[in-house]
Amino acid sequence: MTMEPILLRARGDKNSRTLGSYLKRGGYKALAKAIAMDPEEVIDEVKASGVRGRGGAGFPAGVKWSFVPKDLAKPTYMICNADESEPGTFKDRELILVDPHMVLEGIAIASYAIDAHTAYIYIRGEFVRETEILVKAISEARRKRYLGSDILGSGYELEIHIHRGAGAYICGEETALIESIEGKRGLPRLKPPFPAVVGVFGCPTVVNNVETLACVPHIIERGGAWFAAIGTERSTGTKLFCVSGHVERPGVYEAPMGTTFREIIEEFCGGVRGGRELKAFIPGGSSAPILPADRIDTPADFESVAEAGSMLGSGGVIVMDDTVDMVWALENLLTFYAHESCGQCTPCREGSDWALDVVRRIRRGQGRTKDIETLQRIARFASQGMTICPLGDAFCLPITSFLEHFGGEFEEAIAGAEQSVSTHLPVLPVRSDQALFEAEEVGR
Amino acid sequence: MTEAGTLPLTVATVEVVEEPTFDDFMESEIKRILKRYPDHGAALLPVLWLCQERWGWISAGIMRAVGQRLDLSPAFVEGVASFYTMYLLRPPGKYLLQVCTTLSCQLCGTSGIVDHLKEKLGIDFGETTKDGRFTLVDVQCLGACGEAPVVQINNDYYTNLTEKCLDEILDGLGE
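Protein chains in written order, with my numbering: chain H, 27 to 470; chain U, 107 to 281.
So here's chain U without its partners, still in its complex pose (with noise of 0.2 Å):
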């Protein structure tokens, strides 16, 4: 373990908890987060993302406990967290799958990524499947258009991808 971040990324299982306290293991990773910076508001964003890597989102109830934590008010707190798409204020399915709408990717055929997603998984994005597997979502640019379509599912880029081959990952993931 370094300074730098914390590892691994993982993805939680996401729980909904009405009072969420920080674990031992939360607590020390915020003391390690708190170090880095001269001024404790500046942990609020790696706060949160521990936040979202234990509990998979992010509730009011933990906006409450991170401004707590980080002496920020709760609207402060939620200021910022709604500031940012990738903090989740909802929880989503077990696999968030992120599709790249932007141009180049558009350029290389997501569009039929798209239709073939929405109509195997039978919902539109910001929905998730009944069974609480998949969320889908659409994005703006991940930054990999050399490699279009793009699609994110939880922490992997999936690249070139074709309808066929969306098939098979989506078929691979665990249940």
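Bound conformation, chain H alone (with noise of 0.2 Å):
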């Protein structure tokens, strides 16, 4: 399927971050727009348009704006959530690669809609060099009158300020990114209150994805039911979808919802690096379950990838030739899981450590016939609930694809492993190899 790109259209002009070359493209016209109507009305354009949260999660942005409630005596917050981490996704960085001053004119769209007067952008703290060009953007921005007091003469005010993170996945999800931003460490929050209600200082919050916000000018300006008529009926628009891994021209590229991973895969990206087979790849990054190859005509929007059997989560589709082997690859997974729980929750901090720890020593040859068994019986335990925040199915969704689409790989690992360790299961999950096998000891 080919279509004129709407989110990377400027990609390819050298000057692309400019305000002037932004003007040229007609940009802060749906601003004006914007700021001529009712915010109601703004809110109802956004929401015909159907666009989804292409942070992951895939709540319907408008719908979530709507929470924010009415005439309350406290002000409104509205968060850019630039904390690009998850494992396979890399657009919105390139987003503001090419495009800065379209992420600010949908902050200050969506601001304007839900009468904010501060917004933040949470930008990870290694993207150091795209933090500067959005410092730049929003200097130019607010010297043209598009940003700060009186914007554009209608009077409406608003200062976009960058809050750096400092190296921490977990401030992705919304409630950590917002205790982050008061200072604190990035612990997610119980829900309810959602932050529509109760978010920064206390304040109704609205948080939105750099490439939802980035979709938010072009509804404005070409209307909610042109964006409606791209995609697929349930999931609206165009995606930026990430490829990497092994395909020969990884990078990010923007179709429309519904275009099958095949295409992605074989059209985009040039198929599978030297010519090798398929083996599997990652529909969302790397919390989505993963998928055989034959699963590679499936259609990339919500509902298709949801059938599937995985999530189509931020568009970061991680490519694994024949050559991958997945007992390994999984165990990737874990230490990065492992790393970043925030630690708060029993299941995710102890389980992350155990499950990578029970995966590891399948790898090293030391797996026991009971291991499979005790993954299940983690990723049943850190999942579905058990956690405040959703780190915990995070990592148990790779554990249960894996196991489902690959488990022989897994118990062939087992089989040829050493028979003389006991079976005995651990009790305490440990971190280094060192510190488990002692443990081994112990429970013999």
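Simulated from the structure, these hints should not be mistaken for laboratory data. Don't be surprised by glycine CBs; every beta carbon is placed ideally from N, CA and C. Just to be clear, a hint being listed does not mean it is correct.
In silico DMTMM-like links for lysine to aspartate or glutamate, alpha-carbon gap of 20 Å or less [to be verified]:
(1) U:K141 to H:D176
(2) H:K100 to U:D145
(3) U:K141 to H:E208
(4) H:K40 to H:E158
(5) H:K55 to H:E166
Pair ranges (Cβ atoms, derived) [unchecked claim]:
(6) H:A332 to U:T235: 46 to 56 Å
(7) U:S179 to H:E67: 43 to 53 Å
(8) H:P218 to U:S188: 29 to 39 Å
(9) U:S188 to H:S175: 32 to 42 Å
(10) U:N260 to H:D351: 30 to 40 Å
(11) U:N260 to H:P219: 39 to 49 Å
Please assemble the complex out of the two chains, which come individually in their own frames, going by the hints.
The structure is reproduced here in structure tokens:
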């Protein structure tokens, strides 16, 4: 499916980051149009577009905005989530590098719609150059009255501030992000209350992903109905797919929702690297269940990917060819989650470390017959509502899906293991290998 | 300069100071940071960044000074600073090499880069070369998976790395 790019239309233009270039593309016209509208009308237009959150959860953005209570004495806050940390995802960075003003315009329109006068961009700490680009863009936009006091002579006032993260995957979760803005450890909050009612500084807050906000100017300019006509009925618009791993041409590609993974992998990316066979792919960032090669004809929209047994998530497609050892791949992912668990909930803190130890043991030829059962038990005990935030599910879904589709490789590794070790399950999850084997001695 | 952030984001020469004090520039930056938030506690992350840009790392003394300036207990400041992996609680080398070791980078050959770096520099992850030039650390996903393998050296991403081009990059870094 080919179509004119919407979010990435400026790619290839050398000066695309400058305000002048953005204005030439019709930039900030949508902001002017929005400000002339009633905030309620802006929300309705975004609702009509059906645009769903691009950060992973897929919640309709317009509906999220409408949850903000009206006529409250408290201020409301807008937050742009640029803490892009889901392994396999690198689209927000691309948007900031290519078209920072489009992101700012989206933030400004969203802020106007929810009557916020302060917005924060929470950007991951590693994105130093991207932070500089945004600082520069904000400064340009303020000078020309697209931001600041009295935007475009309307009397509407908005300041956008940048808040740098400092290396914590969990801060991409909206309530952890809010804690982090407040200057605390990034520990997710219990919901409800939802941020739209009690968010940052105890005030109503909307948190939207960079890509979601980047869609907003286009929706306002060309209408919600126009956006809703792209993609599928329930997954509207275009989506940025970030393809990494074993493909000829990795990168960020924009395509309508519902484009199949075959088109994305074979046409956009030139197929699997070196003409090898596809073994599996993760369709929506590392937390999404892995799918075997035979699901490649799945359309990439929220519903179809769910039907195929995974999640569209953030659109981060990780491609693996037939050389990949699945026990190794799962160990790698679990290393990530064990490192990034914030430690607040026991099932996630202990479970992620424990699962990593078990998988690492299998890969080192020390697997035991009961290990697969242990992994499944951990996955049951740390997911589906057992933890405050979805990080529990995020490490359990890879476990269950790897076992479902590639369980044979785990069984083989276990069968080939030296059978001299005891079958006693480790009671205490321990991090380092050395400590694990010490605990082993005690277990015997 | 805007209200949005501090520019330029530089990497400081690493200094060990017993009693850190905020000079006029830092004091004016802190005032600007405080203006962005309705609550002074929210300034903690940006002020820690400011300190790391000034002294190169976050020592116990810096945590105490920050706590005093923002009216937060030193224990609270340490709790926050130790939660986030990018605040360096020990002085790093002049060049901090952060190698992404998450799945996409690994699929594209990061382990070769890691072996090469360890051998070339004679250090393991978490260590600094004797001359104080390089610190090597393994990090989780840097969010540039399409250009794997990726290494972040101080503030910059170096992408699509091979052993050869990494050598050239390291040799091109100043003393």
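Comparing the hints with the structure gives:
The hinted pair formed by K141 of chain U and D176 of chain H meets the criterion: a straight-line CA distance of about 19 Å does not exceed 20 Å. Pair hint K100 of chain H plus D145 of chain U holds up; C-alpha atoms about 14 Å apart against a cutoff of 20 Å. At most 20 Å may separate the alpha-carbon atoms for a hinted pair to count; K141 of chain U and E208 of chain H meet this at roughly 14 Å. A C-alpha spacing of about 17 Å is found between K40 of chain H and E158 of chain H, which places the hinted pair at or below 20 Å, so the restraint holds.
A hinted pair counts as satisfied when its Cα atoms are at most 20 Å apart, and K55 of chain H with E166 of chain H qualifies at roughly 16 Å. Between A332 of chain H and T235 of chain U the CB atoms are about 49 Å apart, so this pair conforms to the stated range of 46 to 56 Å. As the Cβ distance of S179 of chain U to E67 of chain H is approximately 48 Å, the hint placing it in 43 to 53 Å holds. As the Cβ distance of P218 of chain H to S188 of chain U is approximately 30 Å, the hint placing it in 29 to 39 Å holds.
Separation of S188 of chain U from S175 of chain H is about 39 Å and conforms to the stated range, judged on CB atoms against 32 to 42 Å. Between N260 of chain U and D351 of chain H the beta carbon distance is about 34 Å. The supplied range of 30 to 40 Å therefore holds. Under the hint 39 to 49 Å, the C-beta atoms of N260 of chain U and P219 of chain H, about 41 Å apart, fit the expected range.
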